[in-house]
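**Q** Two chains, two frames, some hints: make the complex.
Quick mapping for you: the protein sequence lines, in order, are chains A and B.
Under my numbering, the first sequence has 7 at position 7, and the numbering climbs by one with no breaks.
Under my numbering, the second sequence has 15 at position 15, and the numbering climbs by one with no breaks.
Simulated from the structure, these hints should not be mistaken for laboratory data.
These numbers come from a predicted model, not from an experiment.
Hints may contain errors.
Unchecked claim - Simulated pairs of lysine to any residue, SDA-like, Cα-Cα distance not exceeding 25 angstroms: (1) K9(B) <-> E284(B); (2) K246(B) <-> V272(A); (3) K246(B) <-> P270(A); (4) K200(B) <-> R300(A); (5) K270(B) <-> K81(A); (6) K270(B) <-> D221(A); (7) K200(B) <-> S246(A); (8) K203(B) <-> V272(A); (9) K267(B) <-> D245(A); (10) K270(B) <-> E153(A); (11) K267(B) <-> E153(A); (12) K151(B) <-> E95(A); (13) K267(B) <-> D193(A); (14) K259(A) <-> G311(B); (15) K277(A) <-> K9(B); (16) K277(A) <-> E80(B); (17) K203(B) <-> R276(A); (18) K267(B) <-> Q45(A); (19) K134(A) <-> G164(A); (20) K9(B) <-> A19(B); (21) K277(A) <-> E284(B); (22) K277(A) <-> D242(B); (23) K246(B) <-> V178(A); (24) K267(B) <-> S43(A); (25) K277(A) <-> L5(B); (26) K267(B) <-> R278(A); (27) K267(B) <-> L211(A); (28) K277(A) <-> K267(B); (29) K203(B) <-> D271(A); (30) K267(B) <-> R300(A); (31) K267(B) <-> D284(A); (32) K277(A) <-> A265(B); (33) K246(B) <-> D245(A); (34) K267(B) <-> E248(A); (35) K270(B) <-> V272(A); (36) K203(B) <-> R278(A); (37) K267(B) <-> P270(A); (38) K246(B) <-> Y250(A); (39) K259(A) <-> D264(B); (40) K277(A) <-> L202(B).
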Amino acid sequence: MVPTSAQAPLLKVHQLKKYFQQQSSLLGKTRNWLKAVDGVSFSIQAGETLGLVGESGCGKTTVGRTVIGLYQPTAGWVAYKGVNLARAKPAERLEYRRQMQMIFQDPYASLNPRMTVGDIIMEPMVIHHPEMGKKERMERVNELLNMVGLNPEHANRYPHEFSGGQRQRIGIARALAVEPEFIVCDEPVSAVDVSIQAQIINMLERLQEELNLTYLIIAHDLAMVKHISDRVAVMYLGKLVELVDSEELYLNPLHPYTKALLSAVPIADPDVERQRKRILLEGDLPSPVNPPPGCYFHTRCNQVLPICREQEPELRELETGHFVACHNV
Amino acid sequence: MVGHLLEVKNLEVEFTTYAGVVKAVRGVSFEVDPGEVVALVGESGCGKSVTAQSIMQLIPSPPGKITGGEIIFDGENLLEKNEHQMQKIRGNKIGMIFQDPMTYLNPVLSIATQVTENLRLHKGMSKKEAMERAVELFHLVGIPDPEIRLKQYPHQFSGGMRQRVMIAMALACEPKLIIADEPTTALDVTVQAQILELLKELKDRFQTAVILITHDLGVVAGQADRILVMYAGQIVERGTLDEVLKTPQHPYTWGLLKSVPRLDADKSRKLTPIWGQPPDLLQEFSYCPFMPRCDYAMAICAEEMPPFFNGGRARCWLNHPQAPKVEFKKEVS
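The shape of chain B in the complex, shown without the other chains (with noise of 0.2 angstroms):
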């Protein structure tokens, strides 16, 4: 398989905790291929995000744990790397934008030490030449009076700034990929606006390819080439931008688009929940995690683990030939 920027096959991410062992990632295999935008899509406590941090060796460990899987970047797994070996990729080739930008930020450091920071450290530049390219980044994302922001400390700056100081310091290096956990989700609207276009026109001036973390589907349909949902640690539903929005096939996806309210429905259109709450991830499944909450429940669902039908869409029994044909329409305006 030549090609693909990022593999990640099998991944297993275990926590210890006192309550048990939380298998928070179960099995998740994904590719990124250059330039791609591929989003990770599901609610909280369904894996997405340590995903993304298993993919950096960000997990805390202890108690988290990468029990299994390969994680393949640029040709390399990048689990069999140290620590060391690891602090060359990270904001090197592999940037990375976090939700809240005020805990990734040092506080008592100014914002040119922390944007210069990764430009000396991985591309040897001297002092003044790192401050030469920071102003441009500053120029790139639009943070105005460049030279006298580069100056300030982060408290000084507002959130949708400090956002793009964030991007600034993530594309410093020129990475390959960048992942962008929730970047958007501490924004107000506006601004969130603002950001996304912003990381859509970089995204195409550099081919970054970018994971978008989200559990917002109006965020994704804007952005993303490929989405995957995950629930309960798995990947449930993969496909294109359209597939998964316009053509559900796992009924958890569909449950989502239908529970949203959409700016542009009519008032009519009552909203559909899905009923009862995730799954606990202490558990070990053997059946469908989804199952409980599914309202096409079948026998089988309680059962087996249901594999990835329709060449890989959806990892659910409904699919299965012989299964009831069920038809996912979106019951939108």
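In isolation and in its complexed conformation, chain A is listed as follows (with noise of 0.2 angstroms):
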């Protein structure tokens, strides 16, 4: 059930599962799994733009980790350019890791404070490029400082001299020091100031046109990840529960949770919210640790059947590209 297209896809993401093991007593005897990412499948395409979005616990950031490679999958596989990153040759593999970086979520935390902006940038090169020499690797450092609109003066200084949103451009450039071909975009923009988002949100969209970038954006956001994304997946408690286009999403939303989220989200337009009729979800989130059984969302559905409690849907393309995972369409 992996959406398919013509040609190659440059990422293959294929049931993947990872889960965290918890210890529930004081001496560790009894473990239970955190079901963080559930069998998920996608692919991106080169020069794509997938968004990922879910609520807080749905487990997207951990599929970009795991992407990444920051965590080993429990099971599955994430193909890269066809290639299986599990079972690649060491050699291969850093040069795979050079070709996919990561833009993260907290733009605090994500600096180190004792680093100056140009060690930190230089970072990757040192890893990826040990041939170049430090003029060269000052040279691409102004150049990265350029693009991402800040001054190749700022080199010199640290972390805490930044806004937030200069922050996150520095780390921009980071991800892009050793010419990546695919980014993992974490929450790019949830840490900074309203006035500023759009700086960044813009600046990727150029970046992508110029450099010839894919995304994968992990969001909260859905009006961010619907304005930004070509494709867009919503994910709930570890499973994806629709993916498809990113106008279709909010043209044509068939899983019951995807319309709850997109009623959801505030417009900010008086006519508009005085008209628009919001679909309640009832109580919280279940444990991922004690999914439901059946179908994840059934706790929550207004519109469940009774196979929703003993049969998990499957992810099935209902319309060309156009893939939802419930019983009830």
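**A** As structure tokens, then:
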């Protein structure tokens, strides 16, 4: 049930699972598994932007971190350019690691406060391009700082001297340092002020065009994801519930969770807000340690069928390119 | 001026820091009428939270200090009250809902102790009466199994449920005014929708006035009656919900609307960012503080602070009768 396309995808994720062990007793005797990601499949074409949305705890960040290799998958695989990353030879894996970079959510925690901005941006080059000389690297740092709209003089300063938006730019420059082809952006603007968010989003779009990048954008802000993505995948409790073209997602959502999510996003227009009908979800998110049987969403769904309580729905392609995991559509 | 529930006049708040004196609030004036929802909108550091904390006199002092102005609540100037008198107002006549319920709730006290504290203190209820009222309040804010939940501790509640507890606490003494400081910012959208719906319902039912502090114009659009837009410690635009969101008169408000992605917008709609960054509040402004970021800045903007034009809608020289006419067309789908 992997979305397919004529062209071979740049990245393919197949039945990816990532469980985290949890100690439940003081002596560590009984162990539970937190199923952060529970069988997620998707693929991304070169030059495409795939948005991954969901609420906190749905496993979207874990997907991103597993894709990039920060976590080892519990089951399933991630293939980049047709090569399973877990089985790749070390030299090959290092090369793919260069091509796949990440932009982190928190621009305060993801920059080392004791390193200068220049050293931070240079670090990936030290690992992936040991042959480069110091002067060459400095030139590249200047080039990168210009690219993200910062001043080359900033290379000698420390992260604390910068605002949140500027720090996010530094994080982007670092990700671009070794000329990647694929970038995972984990909540790239959520820690940034509203008036600065558009600066960062527009820059990500410009860089994609200029450098022919492929993005996996992970975010909870549906409006932002819809704006920047070609296709959007919606996650709930470790599983994909819907995957579709971003325009279509808004016009024709099929999964009841997607519908509720869309109806909950406020729109800054009083006329629109007055006319909107909210679908309010009942209750809270179930625990990913002990998910409900059958469809994970059935405890909060307003269109439950008896089958939903027993059988887990598969992600099916209902219309071309529109994948939904629901018994009721 | 009879009828206003709250009147803030020329409020000025300063913080003394190592770098110098930060003027966080610079002459803010506004009114809140009974039963009305007034939204205070702006980015971090614009002074919206400090304004709200000043009303409750919760500014940490030192370093903070209210250096000027008046806050008239129900006919009394709150700034003339001492700590003891303020304690009778906080949580009693004015309720407060904070952004992060986990840091507001005490982790080592049971929920029951915390919810009933207000009632016992302000209303002189006995333990039993207060518990009965707490159960009633939990029903009101939609917390199932109140008797069991009241015996639990904050960590046993989810984010949305904790926010409901806070709302229950804020409502406990039937206040005339609730200050909600980013009440849903820490919550997921579906939970945010639940909480906003609840707030609206309760406001209508009890005719409580609400000061809603948020950076999210979407939240404002669904909740507020009037909007105050703050920038660099000042109110730069004010008006009714429709006035401010549909016909903004300050380039900053307009900029905010254009820079936010909208769910219902066409994909072809480009975001127009506001360039640069908010100004350093250590400095004094003899000119318009938004001028360095403004696309429409004129010579006068760098020389003189604009007053409110057009019956007090916006603080911008563009609204001067002699200024060139600029149409703020909202470029939305």
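**Q** Are K270(B) and E153(A) close enough, with their CA atoms no more than 25 angstroms apart?
**A** 31 angstroms, violated
**Q** Going straight from one Cα to the other, do K277(A) and K267(B) come out at no more than 25 angstroms?
**A** Within the cut-off at roughly 23 angstroms; holds.
**Q** Within 25 angstroms, alpha carbon to alpha carbon, are K267(B) and P270(A)?
**A** Measuring from Cα to Cα gives roughly 21 angstroms; hence the hint holds.
**Q** Check whether the Cα positions of K270(B) and V272(A) lie no farther apart than 25 angstroms.
**A** It holds: about 20 angstroms lies between the C-alpha atoms, which stays within 25 angstroms.
**Q** Run the distance test for K277(A) versus K9(B): straight-line Cα separation, threshold 25 angstroms.
**A** 39 angstroms, violated
**Q** Are the Cα positions of K277(A) and E80(B) separated by 25 angstroms at most?
**A** 46 angstroms, violated
**Q** Within a Cα-Cα threshold of 25 angstroms, do K200(B) and R300(A) meet the stated pairing?
**A** Distance ~23 angstroms between K200(B) and R300(A) Cα, so the pair holds.
**Q** Take the C-alpha atoms of K267(B) and D245(A), compute the straight-line distance between them, and say whether it is at most 25 angstroms.
**A** 11 angstroms, holds
**Q** Taken at face value, is the distance from the CA of R278(A) to the CA of K267(B) at most 25 angstroms?
**A** Given that 25 angstroms is the threshold and the Cα spacing comes to 23 angstroms, the pair holds.
**Q** If you draw a straight line from the CA of K259(A) to the CA of D264(B), is it 25 angstroms or shorter?
**A** Given pair K259(A), D264(B) holds - Cα atoms ~14 angstroms apart, limit 25 angstroms.
**Q** Take the C-alpha atoms of K203(B) and D271(A), compute the straight-line distance between them, and say whether it is at most 25 angstroms.
**A** With Cα atoms ~21 angstroms apart, K203(B) and D271(A) stay inside 25 angstroms; holds.
**Q** Given the hinted pair K134(A) and G164(A), is their Cα-Cα distance within 25 angstroms?
**A** Distance ~28 angstroms between K134(A) and G164(A) Cα, so the pair is violated.
In the structure shown, a violation is registered for the earlier hints numbered 5, 7, 10, 11, 12, 14, 15, 16, 19, 20, 21, 23, 25, 30, 31 and 33, in ascending order.
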